[in-house]
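2 protein chains.
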Amino acid sequence: MGRGGIGSDGVSGGGGGVVAGELREVFEKLKGKLSEINSLEGVRNLLTWDQQVFMPVNGGAARGEQQAVIARVVHAHQTDEALGEYLEKLTVQFGKLQELGFSQLEIASVREAARDYTRTKKKPVELAARAARLESTGVGAWQKARKENDFSLFAPVLQEWLEIVREEAAAVDPELDVYDFCLDKYERGATRKSLDPFFASIKNPLIELLRQILKKREEEEGNNNPNPQFLHTKESFSGSFSVETQKRLAKKLSEELGFEYASGRFDESVHPMTINIVSPFDVRLTSRFSETDLSAGILATLHETGHGLYEQGRDAQACKDGLPASRPPGLGLHESQSLLWEKQVGMSAEYWEHYWPEVLTNFSTSLPNKTAEDSTQFHKAINEIKPSFIRVYADEVSYPLHILLRYEIEKGLLDGSLPIADVPAVWNQKMKEYLGIVPKNDTEGCLQDIHWGLGAFGYFPTYTLGAVYASMLLKTAEKQIPQLRQCIKEGQFKPLREWLREKIHVVGSLYETADELIENITGTKLDASCFLSYLSRKYGALYDLSTPAAETKADVANAS
Amino acid sequence: MGRGGIGSDGVSGGGGGVVAGELREVFEKLKGKLSEINSLEGVRNLLTWDQQVFMPVNGGAARGEQQAVIARVVHAHQTDEALGEYLEKLTVQFGKLQELGFSQLEIASVREAARDYTRTKKKPVELAARAARLESTGVGAWQKARKENDFSLFAPVLQEWLEIVREEAAAVDPELDVYDFCLDKYERGATRKSLDPFFASIKNPLIELLRQILKKREEEEGNNNPNPQFLHTKESFSGSFSVETQKRLAKKLSEELGFEYASGRFDESVHPMTINIVSPFDVRLTSRFSETDLSAGILATLHETGHGLYEQGRDAQACKDGLPASRPPGLGLHESQSLLWEKQVGMSAEYWEHYWPEVLTNFSTSLPNKTAEDSTQFHKAINEIKPSFIRVYADEVSYPLHILLRYEIEKGLLDGSLPIADVPAVWNQKMKEYLGIVPKNDTEGCLQDIHWGLGAFGYFPTYTLGAVYASMLLKTAEKQIPQLRQCIKEGQFKPLREWLREKIHVVGSLYETADELIENITGTKLDASCFLSYLSRKYGALYDLSTPAAETKADVANAS
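Protein sequences appear in the order of chains A and B. The opening residue of the first sequence carries number 1 in the UniProt record's numbering; numbering runs sequentially from there. The opening residue of the second sequence carries number 1 in the UniProt record's numbering; numbering runs sequentially from there.
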């Protein structure tokens, strides 16, 4: 597909010469406006990054003011009448843009920019202000509710968010179901209709796989002569590990995956994050490290590196021009890149076969009894399956079940079928049903995540979409890249990275939805079967399960 | 003097009730606008700070775009019609504001805001854009000229700056002499008429003091039995000093001077700087360190700490409200704070008597033969008088002579009496006359500073105004603070810091010029005599001069 406008200026269909020239001029003006918005978004991100990483504690209140002023400035630019006029002129000719010499990327950018403009214009200013206020008071109430372990302190916030979101949906896209409106914000085109069967297809296979693993663990641990691999839990690799050394190693690993430090940074923050000041030229990763935990900080770094590689892989010229089609099409696909590098690569046996000697060199005194052969122990330890109350600590098998229960609760809240007051009870009942454990209080239960305090309903499903996209992509990559597993074993990540760059990163939002892009790459629409197969194979082997339950069922589901 | 509007709302003179209430409302709206501008200026500063300290190298071009967009946004806010209306309403009643219950700080803020608004409005947008372009190309040309040691590459930039500055002066303040217009940008109220006699009063005494010191050095060095103190040059304290240790020590010293790290940061950058993200809540210092030089990085840190203490000492509520009267009245006074802490405190015998043991503890292996008694050696070494071609490396006695020659050249360029092509020759001739040395090329001569490449004519004098203000302030402080020198010897800086805070930092621009504020504090208008006395006393003692030449002449000059 063509990209950028090189050579396309002045091209015109028969008789369309004047229109083409005029439209090209309008498009250039549009680019000017869009690249201003892009610059301002980057400024906003710098304010956030600095706040999380380096800002002194007393700077907080003034930073809030700066964020509010910049948000108003961004909004004014996004709803600028001139921007609207340019878009109007281009969209009335939308069907003809291709024959008038516009590239696919330019056409997609007109589509995206027009959509952004219309939606921002339709959102009442008063509602946006109300949402901004509730974002800050809502998080405060959420923190207080957690501290006092009292859901009733948070319930009114949830109530107001539901009202705001319903009003917003009614104003911006009244045709759409309100939860679909929420989903669409984070994952374009995702709907209850598409996600209900998707989640249905993973629910039982995962519950069953988890049940089998736990049963096997129980049997082995009760065994007089247990299989030694069950001894390799995360705890068996706890100890005292210099944070400075962990950081140095984590940074090196991110660099070897291909993150470019001439165009990025790596720092510490309380919550690991990736933030683009200006993609692909200035992309910043953060991670956090614990003295007692060898793997968490390193794996979090690999996760953020995956996000960072996506941002650094975007189309440089299109980014410079502020073209919105250079953006990722949704959060699910973004998450697929972080999960692919963290879980599918960074938690694989091959990866640690390669890097284990380096861990030993760096932490020789903390790991006195380990030898070069112990990489498999480490691999097993970091892949330990152990249900947790807390989503962010969840293993790969449990994680989608954490998401499923949130999806079901969100849906119920937004269609009104679930009263707010019932959330704690439903949460706990679903935890019991899906994961077999019940949190001892709401702080470890339905109050654990910040998302609903920010009104971010519809966000959670993108985590599991990401996991599934990652499996689908890796399956295709393994077919198209010779010796991919061998490359990983040798620490050669360029083939996979370049493949992802070409197939995904530079493509941006040329397709309107991630699902279309995924189908284009893999030949298949969203489908959990290869994710389930991957889990069955991996954990079937690690836990020596006789029947890879999930895989069988998924293959059946897939065939039907 | 009263500060903030507490209790003043609703106060009204006889019959002025309605006006007072209305004006108060207008003033509140004005504050809203001003605090937005203030927030945006802070954002701009964050972009600059990040660029100098942490930005990855490939982020440069996009950062330039972000800076340009924010500059336009700031300009739009500064010239907002509503802002103009509020100011109009307040300034027509300016003479009555006090009786209508406005505080001095509020009244001064109206004065400052109206001045800013009028001047920004008058400056043609096209001229501002031309200046912005030349700022970037001018610095490029300056760098190239330096690299190739070819003044002719820089001359056209100088020519264009002169044109721009003349046009700007004609548009903004046609009554004012054009160089006075330049001076006024950095030091309100400074004029050729005030600075000519000021510089005349320091020129001969400093040339004479320098001559005496150099003569004495020459005699002693040629002596068969030299005075050992002449052996204590900066070089005698060169060696290998861990940069990490220097940074730790420098940070500790800044903290002990009173810089608050809950409201600030300390980092490294190529050019040491102080930048206020939001004073007094978020103020950031940087310094640079060299492995081979023990004192430069530490002294640069003390210098920046002086600037930082000013910013952290500003009136918090007035800053929050964005009131421009909370700002320092000019660069000279700002520089007085950095020089006071760096030179008058940080390069004093008392200061190093206190901190020398700490230096020894931190650098015991790098300073193997030094003992607790050697603090006087170190004090002499850091105060070594040795003319340099380069302003930023100049000692306290030579520095004003570097400034004087720049002042004379700038004046000549702007009044047309000095052709651009003659700058190199005049520079070298004045170097010979004032400092007794001639640079071997223009890179070490008239191309050494960035200021003219940025069109910043009129900036240089503020360095020497700062040095003189610092002496005037310290002289008064010594009268008003009991045992000030003893405090410094004991590492007690709070009395001096609090005195400066009360007399200067919180006062902001309540007075329109620094000169008025200085007179109010010291009882004297700008006068170099106590600066000259300070230099004579200090270096007369260090270099064992029989006749403290400068002091005598200055006292005569002062008495006449």
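No lab work stands behind these hints, which were simulated from the structure alone. This structure is a prediction, so every number in the text was calculated from the model and none was measured. Backbone N, C-alpha and C define an ideal beta-carbon position, used for all residues, glycine too. Take the hints with a grain of salt, since some may be wrong.
Within a straight-line C-alpha distance of at most 30 Å, the following computed DSSO-like cross-link-like pairs (lysine-lysine) qualify [to be verified]:
#: 1; chain 1: A; residue 1: Lys121; chain 2: B; residue 2: Lys494
#: 2; chain 1: A; residue 1: Lys123; chain 2: B; residue 2: Lys33
#: 3; chain 1: A; residue 1: Lys247; chain 2: B; residue 2: Lys503
#: 4; chain 1: B; residue 1: Lys494; chain 2: B; residue 2: Lys247
#: 5; chain 1: B; residue 1: Lys33; chain 2: A; residue 2: Lys121
#: 6; chain 1: A; residue 1: Lys144; chain 2: B; residue 2: Lys494
Among chain B residues calculated to face chain A with C-beta under 8 Å, some are [to be verified]:
#: 7; residue: Leu47
#: 8; residue: Ala62
#: 9; residue: Ile164
#: 10; residue: Asp184
#: 11; residue: Lys185
#: 12; residue: Tyr261
#: 13; residue: Ser269
#: 14; residue: Val270
#: 15; residue: Met273
#: 16; residue: Val278
#: 17; residue: Phe281
#: 18; residue: Ile390
#: 19; residue: Val392
#: 20; residue: Glu478
Using the nearest Cβ pair, does B:Met273 come within less than 8 Å of chain A? Since the shortest Cβ distance to chain A is 16 Å, the answer is violated.
With the threshold set at 30 Å, check whether the alpha-carbon distance from B:Lys494 to B:Lys247 stays at or below it. 23 Å, holds
30 Å Cα cutoff - pair B:Lys33, A:Lys121: Measuring from Cα to Cα gives roughly 24 Å; hence the hint holds.
Please check whether B:Glu478 passes as an interface residue: C-beta within 8 Å of a C-beta belonging to chain A. 32 Å, violated
B:Val278 as chain A interface residue, shortest Cβ-Cβ below 8 Å: 4 Å, holds
Do the alpha carbons of A:Lys121 and B:Lys494 lie within 30 Å of each other, as the hint requires? Judged against 30 Å, a Cα distance of about 55 Å means the pair is violated.
Answer holds if the nearest beta-carbon of chain A is closer than 8 Å to that of B:Lys185; otherwise answer violated. 26 Å, violated
Chain A contact restraint for B:Ser269 - C-beta distance below 8 Å: With a minimum Cβ separation of about 13 Å from chain A (threshold 8 Å), the hint on B:Ser269 is violated.
If you draw a straight line from the CA of A:Lys247 to the CA of B:Lys503, is it 30 Å or shorter? 47 Å, violated
Sort out whether B:Lys33 lies within 30 Å of A:Lys123, counting only the CA atoms. 25 Å, holds
Given B:Asp184 was flagged as interface, is its beta-carbon under 8 Å from a beta-carbon of chain A? Not OK, violated: B:Asp184 not within 8 Å of chain A, min 29 Å.
Does the CB of B:Phe281 sit less than 8 Å away from some CB of chain A? Result: holds, 5 Å to nearest chain A Cβ.
Hints 1, 3, 6, 9, 10, 11, 13, 14, 15, 18, 19, 20 from the earlier list are contradicted by this structure; the remaining hints agree with it.
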